[in-house]
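J.: As a plain string of letters, each chain reads:
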Amino acid sequence: MLRYIASRLLTSAAMVLAATLIVFLIANTVPGDPVLTQLGDVAANNPEMVAAYRHKWGLDLPMWDRYEIFLRGLAHGDLGTSISSQRPVLEDIEQYAPATVELSTVAFLLSVIAGLPLGVLAAMKRDSWVDHLARGVSLIGVSAPTFWLAFIMLAVFYGWLGIAPGPGQIGADQFPPPDVTGFMLIDAPLAGQWNTFWDAITHLILPSIVLAAATVGLITRTTRAAMLEALSQDYIRVARAKGLFRRVIMLRHALPNALLPVVTLGGLAYAQLLTGTVLTETIFSWPGLGRYTFQSAVILDFPAIMGVTLVVAMVYVVINLVVDVSYALLDPRVMRR
Amino acid sequence: MSQAESAITDAVAGALATHETGSGANRRRRWRRRYGLAALGAIVVVVWALLALLAPWITPYPPNAVNVAGRLTAPSAAHWLGTDELGRDVLTRIVFGARTSLTVGFTVVLIGGAIGTLVGGVAAYARGWAEEALMRATDLMFCFPPIILAMAIAAALGIGTRNTVIAMLVVWWPKFARLARSLVLGQRSLEYVAAARTIGFRPTHILFREILPNAVGPLIVLVTLDLGNAILVFAGLSFLGLGVVPPTPEWGSMVSEGRELVSQWWVATFPGLAILTVVIGFNFVGDGLRDWLDPHARRR
Amino acid sequence: MQDAAEPLLQVSDLRTWFFTDAGVVRAVDGVSFTLARGETLGIVGESGSGKSVAAKSIMNLLEEPARIVAGSIRFAGREITTLPEEELRDIRGAEIAMVFQDPMTSLNPVLRISRQLIETMTAHKRFTPEEARTRAASLLGRMGVASPEQMLDSWPHQFSGGMRQRVMLAMGFSNTPSLILADEPTTALDVTIQAQILDLLRALNADLGTAVILISHDLGVIANVCSRVLVMYAGEVVEEGRPEDLLVDPRHPYTWALLHAAPRLDGEIGNDRRLATIEGQPPDAHAWPDGCRFRARCPFAIERCAQHPELLPVGDGRSARCWVTQDGSPLHPPQRAAVSGETIHAGAVTAPLLEVRGLVKHFPLPRENFLEKQRVLRALDGVDLEVFPGETVGLVGESGCGKSTLARVVMRLTEPTAGRIMFDGQDISHASQADIRPLRRRMQMVFQDPYASLNPRMTVGQILSGPLRLHGLADSAAAARERVAELLNLVGLPQASAARFPHEFSGGQRQRISIARALAVEPVFVVGDEPISALDVNIQAQIINLLIGLQERLRLTYLFIAHDLAVVRHISDRIVVLYLGRVVETAPAAELFVRPLHPYTASLISAVPHPEAARSPRRIMLTGEVPSALNPPSGCHFRTRCPVAAARCATEVPVLAEASAGHRVACHFPGTLQAG
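Chains as they are written, first to last, in my numbering: chain D, 1 to 337; chain S, 1 to 300; chain W, 1 to 676.
Okay, chain D solo, but in the shape it has when bound (with noise of 0.2 Å):
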């Protein structure tokens, strides 16, 4: 066991190494003046800065050179800076990432736990109303954009209706809490603001239900085709002639068949979700990596863009080896020969 683990983690590791590699051939595939680019307007007018940075960079150097240069950058967590904000990349994005965090783990829970027994259920019964609700918010979720869904349930949940709370992670009229962990949940209860606490829950609402959504259609229709899949094997009718409960049957036996596929779509969730918050968080004004990467994105602001995505490369990498672990550890095939 733990030899597959250290040579998962060894993969790991050329993964993400891969991934600065990824990221700097795109970033050096830019035409024109990589310089201009990273430093945007600013360099234009300041011609020794661009000398400055053409020199710190490298960009007289082969390729090889300046991407080992890249490297000991990022070693030292030099991620470029902000063309918007100028400010070190990384430090944005520590700024901002506690928020999405929070988010987005909401929406995973919530995804999970609606999605799981929906797809259960709906494999129990099927061809019932259950599974064809199933398949059909299944099928909304995995259709519907994420950013128009954002703006349709804050146009009628806020706008028409007015039973949500607006934009925003907490009301205007809220006091933040001091930043002990960065998030929102953590931190109020922490500074005894209970008030600021259950503001933030309502808040978390409505951007948790739409980034859910498109996770949950997923999440349901894995299910519902691997406990398909799993009540169709001969096992199941061993158990059948054994005399064992319907439900013991389900839930004992081809359950625990069924949640193997649905556990290495984990990795796939997890990149749904944070692919949503770049869609989402700007509609709900939520003080998030997402929004940070819109907004870098539609001004081009080449570093943050970059650096954004390394991160969520690195984030993406390490979420799939915690996915492979824990399917060795699920299936005893995997193991134990």
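These are computed hints drawn from the structure, not numbers from a lab.
Hints may be right or wrong, so weigh each one.
[Unchecked claim] Away from chain S, derived, C-beta distances all over 12 Å, residues of chain D: (1) Met1; (2) Ser7; (3) Pro98; (4) Ile249.
[Claimed, not checked] These stretches of chain W come out as covered by chain S in the derived footprint (C-beta under 8 Å, 3 or more residues): (5) 406-413; (6) 448-456; (7) 459-472.
Think of the CB as a built atom: it goes at the ideal place given N, C-alpha and C, for glycine as much as any other residue.
With chain D's structure known, arrange chains S and W on it following the hints.
T.: Chains S and W in isolation, oriented as in the chain D frame:
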């Protein structure tokens, strides 16, 4: 008639009464239930395709006709879906937007699918180091969530439909490579492939003439389902400001333009609805195709 | 409460039908029988006869679209067909237990064996979890598992088919049911393992008094365990009686056909080597024919057969559904044509067509990750073999012996790791595929699985003309069509087949197409990799006859691989016995069975279930399982299971040496193990 036989007749009559197989009406009803949604989806897709094709002839206004005086008017008889911030007719822009979306969707999925299938198929048939190399390259691409990577590439290349399509292509082929690889691997171990080798056919012949036709089914399902996905991704990229160059009408950028206009809800709502209906259409068709191919779904 | 004299199970006029989209399939169409407590009953029939469905109906384990539409099943005084699901659940697994055919898929892969065994016992509230665990361990021990405690904590994938079937049996017997339904429990197992399982079943019936219904397509298997047998055909019982009576004096033409179509180890082989078989295949289950359902294939059919016969007594404890025997006429044994077959079987003077020396094939297994050690599957570990022109060499062995690998290496579908392969004097061991391509005209192969060996997307015509075009044997479409017609004729298929797709044909017909494909290029050497193993007995006989006929007509040389000893004995001139990648013995066919020198050969022969159980020689029982090819035993591979192994066997690899003319054996103590 013996007693046993008359007992049969009663039971049989009862059983058969609840199950009329072979009758034309019943078979039609069963087909409709199972593939009705797929047919509906197909109709939706075809309608959109027609709209896109006939766009210049069926729309009341030119798509880029600015009319600042008439900006942000609600849906009315003159403008069925209202006007946007620059007074352009939303309905017209949506119909023209269909052109972009459908074209991009088909281009990305068909070309990306072809490349991916080739890579995956060759990897699976050749095995050995070729497979290792190709699949490692594929795995690399899976490091990134697709839209993020497409975003990065599109930003690097500059905005514009062509660049965005290229960015999407780079991101699109890996999933087809993975699927093609597993399909070809599955076929490769079957005995008709070994038989073809004993006859003396060359590897390219076996891969393209014998194996791939048998692997095509799930690939087509993926293509169909993915068309919707591609449209969503492209709309998302346009929403981010990458993608089409303004003022080209495109559904994603239209939603982006209207994203803060909560009271003038029609600017952002209708383009999104267009995306929703097209994608649902493709998903229905894809699901129907998948059910049709799935041996478990048939009652034998 | 049930009276001791009352039968345990009474099935009357059972009808189970499948209501499918394509029509109603009357899988079980009027089956009646009784079973007393502790009795053993066998149900024999080919695929599609309805035997499995009948068994599942007994505990109403049917799923849509199957349904019991008529008849009654009385078990221990209760009517199964009308019992509600909750009461059925109580009976299943407790009073009636079932053991299924495929042990590899019958156990849940993600649950420990202990869990799967214990839940049967606790679900029926007969035992507490602690009691259940103790009992599970003792049950496993009773089933012949060496370390039960260790097995309990393991997972199914860590065990072989034979072991898993023992677990299934343990599960079945765990609640001491009154009835066990065993649906082809040994079909997927090797012969030596099968013998162990059948013995186990017999012992359990004797010790625990559990009634057994054993379903199989093999009369020999049933005769070994059961005291009474039902023969099913087309959803009906066509004959019933004691196995020994049926075997000597069958009263239904179908039983007659089964008996004569299956080669027997002690059977006579006529000069022409043909098996007496009936033509055609079972009728379409969607619409049984009127009158006697066997009529279309019956060699004894008379006028009256147009009327559907009833199952009537024809003797003491026997009944048959046949007008011919009910009238009193016997069923004659088949006339053997006294053909002085021109035996093309080789003079040993000629040079061998195929010669294999020291063939080794090792497969490196893919590694999970970088840090694991590389595992190697030693499929072939030094094989010597010759095949002379015109003869048929039978290659026999159990699973894991390497026979399929040998076929593929000989055909150069894969390259050997070491050793030499000479075909017609030419060394093809490491030749490139381009060099071998011209040779492909001369050697061809027929595969085992009739469903996977034909490309589902090509018509038969395309499948057959492909090779012609590739090797330039047909220069125009018309020439190709002509040759395809010839080939279809050669294998006994109608001309219209050329336009059809493989899925429109039955298993036996598909094998004919495969054979036609192999013959298209006019080869001299044909390798058959278990070409009949997936077919029913009667169809097997047809294909065997076809192959023999083709050999005589076209002067072919065969390397025939199979696991069925009787078939191999029937068709081969010489036999090669393989065990775990090595040849252990080779001899002329007749001599091998009369005087087997290697202990493995002897036990293999004695493990084949003999229809005349009373007359079968005393069994040589092998203990244990076949070792894994990943880590074969040192020295002689067979020593871990060999009854006469000594210290020498672990250190010295026995060499294949000549014991008498044409009879070679690789053993340090040949001939010491005798059966009987």
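J.: Hints first: check each against the structure and report whether it holds.
T.: Status of the hints after comparison with the structure:
no.: 1; hint: Met1; in the structure: 23 Å, holds
no.: 2; hint: Ser7; in the structure: 14 Å, holds
no.: 3; hint: Pro98; in the structure: 19 Å, holds
no.: 4; hint: Ile249; in the structure: 18 Å, holds
no.: 5; hint: 406-413; in the structure: holds (count 3)
no.: 6; hint: 448-456; in the structure: holds (count 7)
no.: 7; hint: 459-472; in the structure: holds (count 4)
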